[in-house]
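Undergrad: Chains G and V, in that order, are what the protein sequence lines are.
First residue of the first sequence? That's 7 in the numbering used here, and the numbers climb one at a time after it.
First residue of the second sequence? That's 17 in the numbering used here, and the numbers climb one at a time after it.
Simulated from the structure, these hints should not be mistaken for lab results.
Among the hints, erroneous ones may be present.
To be verified - If we take Cβ atoms under 8 Å as the criterion, some of the chain V residues that face chain G in the derived model are: (1) L40; (2) R54; (3) I58; (4) Y71; (5) G73; (6) I75; (7) I88; (8) L129; (9) L131.
Said to hold, decoys possible - Take a look, some chain V residues computed to stay more than 10 Å from chain G by CB distance: (10) N26; (11) L36; (12) D79; (13) P95; (14) F109.
To be verified - Derived CB-CB ranges, DEER-like: (15) V:Y139 to G:A63: 18 to 28 Å; (16) G:P36 to V:G108: 23 to 33 Å; (17) G:F72 to V:I88: 25 to 35 Å; (18) G:K60 to V:W84: 38 to 48 Å; (19) V:I135 to G:A63: 23 to 33 Å; (20) G:I15 to V:E147: 55 to 65 Å; (21) V:V60 to G:F72: 43 to 53 Å; (22) G:T26 to V:I99: 45 to 55 Å.
Keep in mind it's a predicted model, so treat the numbers as computed, not measured.
Note that beta-carbon positions come from the ideal geometry of N, C-alpha and C, so glycine has one too.
Here's the letter readout for the chains.
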Amino acid sequence: MSPMIDYVIATFTSPENIGTNPQSLFWLLPLAAAISIGYKATKLSEIKAGSFIKDVAGLLGSIVVFMAITALVLYAITRLATE
Amino acid sequence: MAKPRLSKNNHTFTLLIVGLLSWLIPGAGFFFLNEKKRAIIIFVTLLLTFGAGLYIGSIGVIDPYGSWPWYIAQVMISPLVLILGHYVSAGGFPVYGRPAEIGQIYTGIAGLLNLLCIIKSVYLAHLYRIETDGGQNVADD
């Protein structure tokens, strides 16, 4: 096997170094995008570039906004409960 | 878009083929139904999501014994995960902490999205049968 292929396979056998800091929560965004694209690809009756991108952006935005609101509510509850 | 004419006599068999194709290769069921754009979008999206999960958490996130609920979700992406799970269960790929969480979530969600695609493609195949058949009962064939 070529060194290039060896290298590519090796990257899948050891985990990446991701800390437990708040920034690591941004890994949510690509996943939310994948969910939006996958869901809309099955949901729309006809796939047209313009409407598809618009629908995906709408769903992605609503997921992110809902998650942000949920995080704020949970943070507020935690603050009230611990102070 | 031109809808494929599915066999009247082998309706159940066709649904089974569409479901199996969707499970074997994400999007293949839609491709079989002549929904090429949909098939390509699903194939690329699910493969990238699953690949990202494996890249972040390593193949160690596929753990048939330690985290079997995630494993069930992961297997939905393709039967190849069963082989990978067998290989990984021999040990040698430890993964803990945030990379394990993110990797499992990515691969699990990719599998569950493919389950959605399997169900949708089978349902679409069933609808095409009704449209091409004019809503006749299978027993009338």
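Undergrad: So, for every hint listed, does it hold in this structure?
TA: We went through each hint and held it up to the structure:
{"no.": "1", "hint": "L40", "verdict": "violated, 18 Å"}
{"no.": "2", "hint": "R54", "verdict": "holds, 5 Å"}
{"no.": "3", "hint": "I58", "verdict": "holds, 5 Å"}
{"no.": "4", "hint": "Y71", "verdict": "holds, 6 Å"}
{"no.": "5", "hint": "G73", "verdict": "holds, 5 Å"}
{"no.": "6", "hint": "I75", "verdict": "holds, 6 Å"}
{"no.": "7", "hint": "I88", "verdict": "violated, 18 Å"}
{"no.": "8", "hint": "L129", "verdict": "holds, 4 Å"}
{"no.": "9", "hint": "L131", "verdict": "violated, 11 Å"}
{"no.": "10", "hint": "N26", "verdict": "holds, 25 Å"}
{"no.": "11", "hint": "L36", "verdict": "holds, 18 Å"}
{"no.": "12", "hint": "D79", "verdict": "holds, 13 Å"}
{"no.": "13", "hint": "P95", "verdict": "holds, 19 Å"}
{"no.": "14", "hint": "F109", "verdict": "violated, 6 Å"}
{"no.": "15", "hint": "V:Y139 to G:A63: 18 to 28 Å", "verdict": "holds, 26 Å"}
{"no.": "16", "hint": "G:P36 to V:G108: 23 to 33 Å", "verdict": "holds, 28 Å"}
{"no.": "17", "hint": "G:F72 to V:I88: 25 to 35 Å", "verdict": "holds, 26 Å"}
{"no.": "18", "hint": "G:K60 to V:W84: 38 to 48 Å", "verdict": "holds, 39 Å"}
{"no.": "19", "hint": "V:I135 to G:A63: 23 to 33 Å", "verdict": "holds, 25 Å"}
{"no.": "20", "hint": "G:I15 to V:E147: 55 to 65 Å", "verdict": "violated, 46 Å"}
{"no.": "21", "hint": "V:V60 to G:F72: 43 to 53 Å", "verdict": "violated, 26 Å"}
{"no.": "22", "hint": "G:T26 to V:I99: 45 to 55 Å", "verdict": "violated, 32 Å"}
Hint compliance for this structure: hints 1, 7, 9, 14, 20, 21 and 22 are not met, and every other hint is.
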